[in-house]
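Novice: Residue numbers (numbering that gives the first Met the number 0), protein chains in the order written: chain A, 0 to 240; chain B, 0 to 799.
Derived by calculation from the structure, the hints in this document are not laboratory data.
Where hints are given, some of them may not hold.
Claimed, not checked - A few chain B residues facing chain A, derived, Cβ under 8 Å:
no.: 1; residue: K6
no.: 2; residue: N297
no.: 3; residue: T379
All values reported here derive from a predicted model rather than from experimental measurement.
We treat Cβ as the ideally placed atom computed from N, Cα and C, and that holds for glycine.
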Amino acid sequence: MSVPSTAPVVEIRDVVKSFAVGSNTITILKGVSFKVNAGEFVSIVGPSGNGKSTLLNMITGIDRPTSGEIIVTGKPVHKMSEDALAAWRGEQVGIIFQFFQMLPALSLLQNVILPMDLGSRYSPKERRERAAHLLDMVGLGDQAHKLPAMVSGGQQQRAAIARALANDPPLIIADEPTGNLDSRTSHDVFDLFTNVVSQGKTMIMVTHDKELARRVPRVVEILDGKITRDEFIGRPSWAGY
Amino acid sequence: MSVIWTKVWFDLWHGKARTALVVLSIAAGVFAIGAMFGMADQLLSTMDAAHQAVVPAHIKIALDTFIDRDAARVVAHIPGVENAQPYNQTAVRYKLRPEDPWRQGIVLVLDDYDDQTYEMIQLKEGRWPLRGDIGIERLAAQALQVGIGDSIIFKIGNTERALPIAGKIRHPFVPPPAFLDLLFFFMDTEGGERLDLPNGRFNALLIRVTPYSEDYAKEVAARIKDHFAKQEIGVVSTQYQDPAKHWGRMFMEAFTVVLQVLAVVSLFMSVILVYNTLSALITQQTNQIGILKAIGGNTLAIARIYLSTVFIYGILALALAAPLGALLAFGITQSFLNLFNIDYDAFRVSETALGLQVFAALAVPLVAAALPVFQGARITVRQAIASYGLGGDFGSSRLDRWVERLGARLLPAHYATALGNLFRRKGRLALTLLVLITAGTMFLMVQSLSSSIDATLASIFAQHRYDIVSDLGGQYRVDRVSEIATQVDGVEKIELRFSHAATLLVGGARTKEAGIGSSVMGIPAGSDFFQPFLVTGRWLQPGDARAAVITKDVAKKSKVKVGDAITLDLNELGETEWQVVGIYDPVFAGGFNPDVIYVPQEALFEATNKYFRGATLYVRTRPHDDASVSAINTQLKELLEARGVRVVISQTEGETKKTNAFQFGIIVSFLLALAVIVALVGGIALMGALSISVVERTKEIGVLRAVGARSRTILGMFVLEGVLQGVLSWLIAVPLSLLVAQPMASVLGNVMFNADLTFQYNWSAVGVWLVTILIISTLASALPARGATMISVRDSLAYA
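Turn these sequences into a full structure, and let the hints guide you.
Specialist: Right under this line is the structure:
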């Protein structure tokens, strides 16, 4: 097992995460440590309820560890305030959710503009141009002014990818991005991911889809709250699959 | 423009019903603020300005003897007197048509209407009266529905004479005809002569002092009274006026303050809906907040989105309420000012009220929304995603379990859900109930205030064992008046009491000379006509010599208690010593009601050396119904006038009751209107809460639909939930009103009417409110309930 020797974008040190359920405490992550370097495409796999999404939430600062340290893009996210995390996420992390999570009130174009608005990145004109360009890139140029409810799940997920790229973040996190899509659409979405990584982004994706996972250069498997496998297949994602 | 605004717009437009409810609710409170504060601002300031514009006299003195212009000039030279304007005033009897009964009025005579110094009367239409015609006070013209060219029949001596109206005149100090049936007319000096008002001689003076102060005016008045006493001229009455403040202020000031307080209460009730709605909106959009945070939105950015929504609610409410509030404020102000004979025709918007409305519409809802908005905006992404799915906390508390058991025992399963749903969002339930309970308590309080006023008036009138009171305008012999009055069929018994203007002296100082002034009244020994409500001591008894019963206000102001000696200055009749044996509560004091000091009539005769005379006639009739008493009153007045006894004013108990009912009716109506506004806000709040409930429970409705629930079951569930809230609010409002109605009636009675009311809780209002709240809650829940029945299984389960 080997990893590229670039500076780590994500560094997780001995992270433990426990939840209180009634009078019991359940530990989801049991001392997890690993690093992800810039430009890597990592797939996190494992059965449901074993801590994959929890680990992802730790990386994005959505959840906090019970103990341990999480350094992402050089920031100790386990120590940051909610507002600092929000601002940091807007700049450094693009998140793609399983259920797309588009704001229903906004068109696809506006959904893509939104992170730029919130982060005050680019001029208003540049925001529109960039959002239109990103939607073009994901093949939705002609659907830009439709509301999320008017397009298919696959199209929503493509728009969500465009949104995740809006502020040009170095790290993209995707939580079961193809979980709600059919096989063909899943492959289309995955192709977009490889395209994104080929542009130098770092990508971490949680997936159940074994076939997709096999196409990712590095696979991290979590079982019962521990990393049981961290395998670098060897071919960089941007080399083509 | 930021795309965030698209979301704000979407929330407003997509939730049109919610937007309309919140806007209407804020608008109701803002409207009440605008109407009440606008009215108070315009009313009191315009009253004062109109008052100052007519150069009101500081002192008005009525004399029992005519004086000439030279004597008036002498008064003007008394130290402290700025000037004195003489005039004549006398009681007259008039009617419109020959077949009408005679009515009482006042004729005022100035020798030169173009040369007035004080209390400027103004010609509004036509010309000043000349020999052979009259001027009519414009309120009188309005009440009688007559105009220039019409004629009024006057009783002049023993003849009737129709005099044409030459002009409509405004007199700044006439009582509103709705308050007192005593209309004013104007004549020139020749016209006055026909009414026994000698040309060039006067029976009243308008006086100003310099420099003005209330105390100095009283001091100067004392000098003037002494001056007249030395010439054996009697001062019948002395009135004082604040030159800066309109006399009607005492009626309106406390009343407007109470209305303003209630308007603020209405506003707070209406912003509760803002709190409720924003709480629900935030809960409903927790997921969206999570997304916004996940893509870089911080707390402030998210709070700004929702506060912008609230700000727009406020702008819409202001646009709706500001013009309506200003219109109503102007309308109420105009009608009140017209009641006080003040013109108010140019539409004006109170800047103060508008400023308050802007604050109430824009700032207050933002403050109300701040808590739920910041709580929601502070939520973490994980909490936002994990907590999505609503009402999952129901069943965790003891109350929830008790409610669940109660519902299971009393109701079919699907309706038991309604009971459970009621307690699902306890915070929202509490706030909605707060509005409904406030409305109910206000309604019951106002109704109890109204019934307390009725009860107080009833107990006062029950103490009156007479049916007619007549002011004879001078002292007449008791046997003469008695002989005339008992000739009228239906008169059972009469009492002629000696009354005279008096000044109470304690330690040599004049302690009571405010308002219309105090007067002393002689009560014949063994009189069973009337007994006031005694606070301490006792009522006058046969055999009492120099005993006096005074009002509690006089006792308090002059620090006199039962057993103390007081001196009464009866002006030209001299000073006399009395001992206080009782202190009474006049109940409705202030305003036109003077503080009357009751003493035994015999002792008063002795003290004044005026034996067997009286000026105030009390009559007990055999039939007591209004129509019979009114007929007897007319006959009595006619007979007395025919026999040379002047009747200035004569009022039956029925007429007095009507006047009281009118005065208090206006106030109670206003209070009731505000209670209705709060009740409407309560209905809107309930509708809003149930609409939100429907949205929150879309999935649950879908599940119920999927397992076979029909539309009427869904409809019934939501209507039942609304009605249960209404009934629950009623169950709390009734005991609450029982607790607070009495102290509130006492405070309101004292503040607004200067009266200690006999409290009477209005039990029939409890039933009326139950019916009202059932109607409100059924109507308020019908729309959201209907909305719930429109939800399909497919839609509801797709909802996320």
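Novice: With chain A as the partner, please determine if B/N297 meets the hint condition of a C-beta pair closer than 8 Å.
Specialist: holds, 4 Å
Novice: Would the stated hint for B/K6 survive a check requiring a Cβ distance to chain A of less than 8 Å?
Specialist: holds, 5 Å
Novice: Given B/T379 as an interface hint, is the shortest Cβ-Cβ distance to chain A below 8 Å?
Specialist: At about 6 Å, which falls below the 8 Å cut-off, the nearest Cβ of chain A leaves the hint on B/T379 intact, so it holds.
Hint compliance for this structure: every hint is met.
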